[in-house]
Amino acid sequence: MTICGPQPLIRVVHDESRGDLRDPARPRPIRLYLWEPDPPLALSAPLIVVSHGTGGSGSGMGWLAGPLREAGFRVVALDHHGNNFVDGYEPEGFLHVWERPRDVSFVLDALARERPLGPVGAAGFSLGGYTAVALAGARVDPRIVRAVMTGAVPLPEIPEFPGALEVLRKKYALDESSRRALDTAGADLSDPRVRAVFQVAPGVGALVTPESLAAVQVPVDIRWGGADSVNPYDVDTRPYLEHIPGATGCSAGADVRHEDFFAPEPANSAVRVRVGREAATFFRHHLD
Numbered sequence: 031m032t033i034c035g036p037q038p039l040i041r042v043v044h045d046e047s048r049g050d051l052r053d054p055a056r057p058r059p060i061r062l063y064l065w066e067p068d069p070p071l072a073l074s075a076p077l078i079v080v081s082h083g084t085g086g087s088g089s090g091m092g093w094l095a096g097p098l099r100e101a102g103f104r105v106v107a108l109d110h111h112g113n114n115f116v117d118g119y120e121p122e123g124f125l126h127v128w129e130r131p132r133d134v135s136f137v138l139d140a141l142a143r144e145r146p147l148g149p150v151g152a153a154g155f156s157l158g159g160y161t162a163v164a165l166a167g168a169r170v171d172p173r174i175v176r177a178v179m180t181g182a183v184p185l186p187e188i189p190e191f192p193g194a195l196e197v198l199r200k201k202y203a204l205d206e207s208s209r210r211a212l213d214t215a216g217a218d219l220s221d222p223r224v225r226a227v228f229q230v231a232p233g234v235g236a237l238v239t240p241e242s243l244a245a246v247q248v249p250v251d252i253r254w255g256g257a258d259s260v261n262p263y264d265v266d267t268r269p270y271l272e273h274i275p276g277a278t279g280c281s282a283g284a285d286v287r288h289e290d291f292f293a294p295e296p297a298n299s300a301v302r303v304r305v306g307r308e309a310a311t312f313f314r315h316h317l318d
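When the letters of the sequence shown are read in order and numbered with this note's numbering, they come out as residues 31 to 318.
These are calculated hints, taken from the structure and not from any lab test.
Certain hints may be false.
What the hints assert, rightly or not - Here are the in silico distance ranges between beta carbons for each label pair: (1) Pro275 <-> Pro54: 18 to 26 Å; (2) Glu66 <-> Lys201: 35 to 43 Å; (3) Arg173 <-> Lys201: 36 to 44 Å; (4) Lys200 <-> Ile40: 14 to 22 Å; (5) Ala203 <-> Val42: 26 to 34 Å; (6) Arg52 <-> Pro189: 17 to 25 Å; (7) Thr214 <-> Arg304: 36 to 44 Å.
For every residue, glycine included, the Cβ atom is placed at its ideal position computed from N, Cα and C.
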């Protein structure tokens, strides 16, 4: 789904601390899509950061960004390097999911250098749902990640990037340096600026540790599809809902599929509009 309504300001920032996945000598690029509320609010207006799903793009998150902007929030969506359809795919973009929260924190740093940040919320769809809650303290289990990378635990096929694990293994030998890189998977990626999280059909629920979820201290609200076969409720949503203290949520509908949140012609286009408005209500309550 493309973005309708006012067009965002599009720009690219570069993280010098991490390399471009295609050319490590160059810094990691992160494309931003920034919407200002109309009329413009104070310099320290609340800001919502939006993270896209696997293989998606910030340019496809208008169904969530639009209602947030209409509710008076500044909104910035981003393209996660190696995992967006604008620039193309790299295996790390799909498998090194812990790099995504670092993208968001870097973007917040970049925006804060330009003007004071108001209260910050994080919202995300699918893999972006994990990204958002990782900023509140959720951590993946490095033991499970290592087991997947070595083949001890099977990796479900990734439709957007078939054979991603095999490509990654060819790109990097599983030597001591790559083992050390995997050890960073379980790092604390929380960002104290994030004060509330809204997840839509979140992913990676089976990889996060219950202990880290139990330590999340910000409000979290979740929506999921009752017919989601990509991120099924029991596997991917239930861990967040049951282990995060005070987490709330509800099904977006018994017949709602994962693709109904991004397909050009969803079975019911009203679902994502409603969920976007519910996100705006949630953030108004917790960021005012």
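Results of checking the hints against the structure:
1. For the hinted restraint 18 to 26 Å between Pro275 and Pro54, the CB-CB distance of approximately 40 Å leaves it violated.
2. A beta carbon spacing of about 39 Å between Glu66 and Lys201 agrees with the range 35 to 43 Å that was offered as a hint.
3. About 23 Å separates the C-beta atoms of Arg173 and Lys201, a value inconsistent with the hinted range of 36 to 44 Å.
4. Distance hint for Lys200 and Ile40: a CB-CB separation of about 33 Å, inconsistent with the stated range 14 to 22 Å.
5. The hinted range of 26 to 34 Å is satisfied by Ala203 and Val42, whose Cβ atoms lie roughly 31 Å apart.
6. Arg52 and Pro189 have their C-beta atoms about 22 Å apart, which keeps the hinted 17 to 25 Å range intact.
7. As the Cβ distance of Thr214 to Arg304 is approximately 38 Å, the hint placing it in 36 to 44 Å holds.
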